Amino acid sequence: MPGHRAQENFRVALAGIDGAGKSTAAADLRGRLESCGTPAVVYGVFGGRKTLDSWARRFGTSAVRILGTRGLDLVETLVRTVAMVRMCLARQGPDTLVVMDRSFYCQLALRQSRGLRGGGLAGWLLGLFPKPHLVVYFAISPEQALRRIRVRDTDAESLEALRALDAGYRALEDFGSFEVIDAGRSRTEVLDQLERVIQRPEGQMCRRP
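Residue 1 is where the sequence shown starts when you use UniProt numbering, and the numbers rise one by one after that.
Hints should not be assumed to be uniformly reliable.
[Stated by the list, open to error] Computed beta-carbon distance windows for the label pairs:
#1 G118 to D192: 16 to 22 Å
#2 E8 to A156: 18 to 24 Å
#3 E189 to F46: 33 to 39 Å
#4 P94 to D153: 38 to 44 Å
#5 R117 to D153: 31 to 37 Å
#6 E179 to P130: 15 to 21 Å
#7 E173 to E143: 26 to 32 Å
#8 W124 to L89: 34 to 40 Å
#9 L159 to H133: 29 to 35 Å
#10 E195 to P94: 19 to 25 Å
#11 R70 to D174: 20 to 26 Å
#12 G60 to L116: 22 to 28 Å
These are calculated hints, taken from the structure and not from any lab test. For clarity, every value in this text was computed on a predicted model and none was experimentally measured. Where a beta carbon is used, it is the ideal one built from N, C-alpha and C, also for glycine.
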């Protein structure tokens, strides 16, 4: 069963609506830290919804229409669970920053946005697996996030769904403990903010010569 190691590496989870720039920032953070001597690794804890929707669109439908709201939630949660198991089993060097690109908090926010009550399986698993030491919420207006999504043209989202997901995150019981950054800024500015909020609990992350 997953559990805490005797000496844990620091885990930071990135959260936010689609189009907030989480994956880009995760890769940028790893590159910046490694360039100045701090080992970092990124694990994607994705729910697989985009892949499921991509498959469903080939048949002129959507994942939620095929699986139902609860069925989709269950499948997404199980996909995230596999990713979490892989992360827990992976060998990491000492003093490695572990960046979680999404987490079970993302699934809990999705449940809120879909009108599902309680935490479901995702809420139970959040307590079972090692929690992130820090969660960073990428705050961005749903309108700006939608513009980014349309530019990259890799998935389809609606403004209503993005607004509901943002509200879902903010309704989470643990949201008050999240560090919130302005994800509407430039890529470099977002990375600077992310590095600063991680440095506060961890001390100086970059080992500059």
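> Hint by hint, which ones does this structure get wrong, listed from lowest number up?
Replying inline: The structure breaks hints 1, 2, 3 and 8; every other hint is satisfied.
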